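*Asks:* Taken in sequence, the protein lines are chains A and B. Under UniProt numbering, read the first sequence as residues 1 to 667, first letter to last. Under UniProt numbering, read the second sequence as residues 1 to 667, first letter to last.
All the pointers check out, no bait thrown in.
Computed list of lysine to aspartate or glutamate pairs in EDC-like fashion (alpha-carbon distance at most 16 Å, straight line):
1. LYS31/B to ASP645/A
2. LYS31/B to GLU272/B
3. LYS209/A to GLU212/B
4. LYS644/B to ASP103/A
5. LYS209/B to GLU212/A
It should be emphasised that the hints constitute simulated quantities derived from the structure, not laboratory data. None of the values given here were measured: they were computed from a predicted structure.
Number of protein chains: 2
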Amino acid sequence: MSDSATSERVSHTELAGAVRALAMDAVEAAKSGHPGLPMGAADVATVLFTKFLKYDAADPFWPDRDRFVLSAGHGSMLLYALLYLSGLEGMTVDELKRFRQLDSRTPGHPEHFMTPGVETTTGPLGQGLATAVGMAMAERMLAAEYGDGISSHFTYVLASDGDLMEGISQEAIALAGHLKLNRLVVLFDDNGISIDGPLALADSVDQPKRFEAAGWRAERIDGHDPAAIAAAIERAQASDRPSLIACRTTIGFGAPKKAGTSKAHGEPLGAEELAGAKAAIGWNAAPFEVPEHVLSAWREAGRRGAAERKAWTDRVEALDPASKAEFARRMHRRLPDGLAQAVAELKDGLVAAPQEIATRKASEIALGAITKVMPELILGSADLTPSNNTRVNNPTALAPGSFAGRYIHYGIREHAMAAAMNGMAIHGGYRPAGATFLVFSDYARPAIRIAALGGIPAVYVFTHDSIGLGEDGPTHQPVEHLAALRAMPNLRVFRPADAVETAECWQLALERTDGPTLLALTRQNVPPVRRAASGANLCSQGAYELAPAAGEAHATIFASGSEVSVALEAREILSGKGVAARVVSVPSLELFLAQPEDRKRHLIGAAPVKVAVEAAVRFGWDAVIGPDGIFVGMSGFGASAPYKDLYRHFGITAEGVAKRVLRTHNL
Amino acid sequence: MSDSATSERVSHTELAGAVRALAMDAVEAAKSGHPGLPMGAADVATVLFTKFLKYDAADPFWPDRDRFVLSAGHGSMLLYALLYLSGLEGMTVDELKRFRQLDSRTPGHPEHFMTPGVETTTGPLGQGLATAVGMAMAERMLAAEYGDGISSHFTYVLASDGDLMEGISQEAIALAGHLKLNRLVVLFDDNGISIDGPLALADSVDQPKRFEAAGWRAERIDGHDPAAIAAAIERAQASDRPSLIACRTTIGFGAPKKAGTSKAHGEPLGAEELAGAKAAIGWNAAPFEVPEHVLSAWREAGRRGAAERKAWTDRVEALDPASKAEFARRMHRRLPDGLAQAVAELKDGLVAAPQEIATRKASEIALGAITKVMPELILGSADLTPSNNTRVNNPTALAPGSFAGRYIHYGIREHAMAAAMNGMAIHGGYRPAGATFLVFSDYARPAIRIAALGGIPAVYVFTHDSIGLGEDGPTHQPVEHLAALRAMPNLRVFRPADAVETAECWQLALERTDGPTLLALTRQNVPPVRRAASGANLCSQGAYELAPAAGEAHATIFASGSEVSVALEAREILSGKGVAARVVSVPSLELFLAQPEDRKRHLIGAAPVKVAVEAAVRFGWDAVIGPDGIFVGMSGFGASAPYKDLYRHFGITAEGVAKRVLRTHNL
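Next up, chain A with everything else stripped away, as it sits in the complex (with noise of 0.2 Å):
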């Protein structure tokens, strides 16, 4: 807690009431939104931001900047009013005024790529609880990497009884628990309401107790009271430990008949109420205005950062010429100058030896020669660490207060390792990517669409990808998964074929910035097909020619991952039987539907057939193949056995693919 003169001309109730005022007035203005949470939580927020956050809102991306997530994201005018009462460039009184309108910097939940300053898109509960894990890891793997002068910041997140109710929050509070992050703070608004009613109705978890059973610091407080608010925050600084603060508050605070109840959630209050509120509150001033003490008081506090941030510029400034280099290079997310020459020679070795290996074996080769360049990249798994092969060049793993590794076993956590990444990845300083069975994706699915919204370069390494896992059975064996992650917008996701493929995949993975990546991989082992060398990378458009037809092709067979040797030797079949048909690899279905029209159709071609094989659901294949197109894969679930039955049974052999094109060509 520092001084700030903040206190003295204005007080406390005044500070809050501006934000409470503010929250009530847009949501009004908007006719739809959340004035239940801003003005509950108001206390605990003014309290926060006006004599703990360590922030400059002259510069709101300032990396040693306390981070604060609002976690309850539907609360997102509390984040707003907090913006703009502290003096934001851009998050002006209008744009308060555009609250939920259509490209305004107000959206319905906070979108960090939308509005400077707020940290990271929540909306989706337990997301930011989550998501500020990662940043609070990535804050103390900086100070262990450039020391506490140049990474030394608290994470901040308030959260909802919503938050707390997700499954992931119990992955992420076990995650950061265990890490001993004690620079992060949960302030808990618990308000004992949901939107059905009172949270007794569903729920009776006593939170502080199982926040201790994770190893957490916990404690109650009044929400309304500031000396507590004060006095837990400096509690929770000086913890050796994560905190929570349960802090007991009240819905729509000040509201003569919704406050406290779930009427004053997710609906503004209607006019009487909103009058009723105000007046509770002793605020006088119009809509969307605050008395120029209350905001000069607010401005200061804005800015109360300043002199911290030009010390850390200061220090930043005094590092050696090439740590500076290097730390400026991390936090820009610019690729290390090796990255390219390191694939470029990888990809030389392999063809020069061609090796029959799985493509998740083809992965760990590749980290092999990625990680020596690029020490920004932290590789981790969801427990199966051998099973993902990403543990690679003997790293350190992070334990409990150590930070200095470069390994990370997030737990049977696949929702919070998602999550986390992205928490790291928009923290700045590192490039997660973490691993699990493709079949798991689902778990983690709600935090890779974060990813993909927020424009996060997280990859995921997700091997075990089709029933060429074998004997695990369907449960573990995803067929529809490969459709499911293509169909969501902005996720890049890649199939390689073979060692040299993965290598170029993976490069792909780390030259993108602006979105995550996914690298499906496969447990069992196949055959090399990329045999001639190529410098240009053959991945970066999605698909491309591998084999051309000897002649004028009768089929086009397309094919991804593992059941591209297997169209390779079907044109081998095809070709004793005097068919010619080329085949082409199709290692991210989605970026080569993205390719300009006609380029698409060059690589289509005109061969009568066209064939698709994949082990996996035809779903989403007839955009390159048809309708009347053949498709070679599963339409249903797989099954136990070994990999090699389970292709027999379900027909996905190079046998069955050239049977149905014979089959055309008899016609």
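Fit chain B to the supplied structure of chain A, relying on the hints for placement.
*Replies:* Coordinates of chain B only, in the frame set by chain A:
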């Protein structure tokens, strides 16, 4: 704990040894699998099965049997060994020898649809535990309806640390603790080992304390001490709350070098370790052989419930005839006679007095009629009751210790909701329908997949199904979800266009008993499109011609849900320009694609221009309109604004559709 002659003649060590030996042998024969858990948990499982479990191997489907759910499904050989030893028909030693082979009853993970005696499909961690919560709910709900004489069993779960690390476990234990499901007992196989190594690499949660915080009774015991196990189960049975028994065990118990390490987890022991382990537990029989006195003691234990089953059958017989018939109808998932009639009357009324309402409201109206004739339909919401419109006819809600209700406040726990629904449906007696926003299907997806894989007739009432929800913005607007869900085998997705289609889709959802159905419903009002009475259920083949062309069709416009009225309006505009177009309503794309080829071709028709209109991504629609078809919809994420602004912004309007079609006409 019922007395048994078993323990007199055969030692616990021998009984448990049989489980351990069979598990080791089967994994070794399969050359893959997980020996560690069966070896470690054999003592706990043996005590439970031989002394407590109310079970009669002669009828594994006896409704009032105790349920045993192996949440840690990778340890499947534990369960198969128990079923074989108990004498379950069909679970022969040959099946054990075919462990993890095609079409055996012993797949890699337990599948309830393949193996009698397996209560639910498990493997994806956390699912078993959360499904068991639903079973325990159904048990008490049936007791509230029919009395403890008809429904009075325990639900036991064997869970691993992986189950407890997954976020879904928190949602599930919070729900169970809140409801005081005191007949739920979780046996935690606390072996301190995960795949990456010691659990301490990634986790330090105090599990008993965490469960206590969620309202459970919890204790720790030595999981290799049969007396301690038995005493703890007795205490759990007597508790007024659900119980966690953390059983400290050694993974791979007995293996000389691998016991207590991650090497025992997921691969065969190898000949040497296997021999050493058998020596350590004093097991001398040949592979897959069980000494006669041990097998006979196990077989006796497997019939321990025979007398109780007989008594239960007598009590059912003694019910009054109406209750008895109703109980049988519900346990066999037979529909009530009145359903079709109720829907028919509803449709007639809707056609007679068309209303411009949201389909979520139409769903509420349909449920108003349906719930009156279908008492087994259990509605609920993940804390979005007023938005999902699922609480109809003013039912009582379940409450702590009180199970006579007909509505469930699941809390903000979409994942546990979907899993608990699986449990209720598998248990029998109920048809669960649970609600949230469509975008949050991602949070529930792993449990939805269990329903699809396991053929479980759950119904998902997912509202706010597109950008039509408006101001809440892209985090809340599904764009890829319809595609992602349609891609899942055996899940049926309906997106009805108006109140009549909504009634028809509800009927189809409830008539389906071999898999789950999802209803995607609008937040915003939509005009009625079904103006003519129809006795037939026009949605039953996934698509139908709603409006023919006036003359030879230049274009066919396919649309679903809220965009069907857009298509109709476009048809009017085109008609005004002298261009004939027909409109096909597609309430279920994948159901339509599954129709016989000639029916599909007939409905798609010969119009040169094919258009699809849906406020979602194109992915999947090429199967109908082809790669050259026109798609009017979304190509990326949505935005925050009033919904009419969004439809205009993204060009999903009748004018936009007409313009695209006219362009083809002028060429």
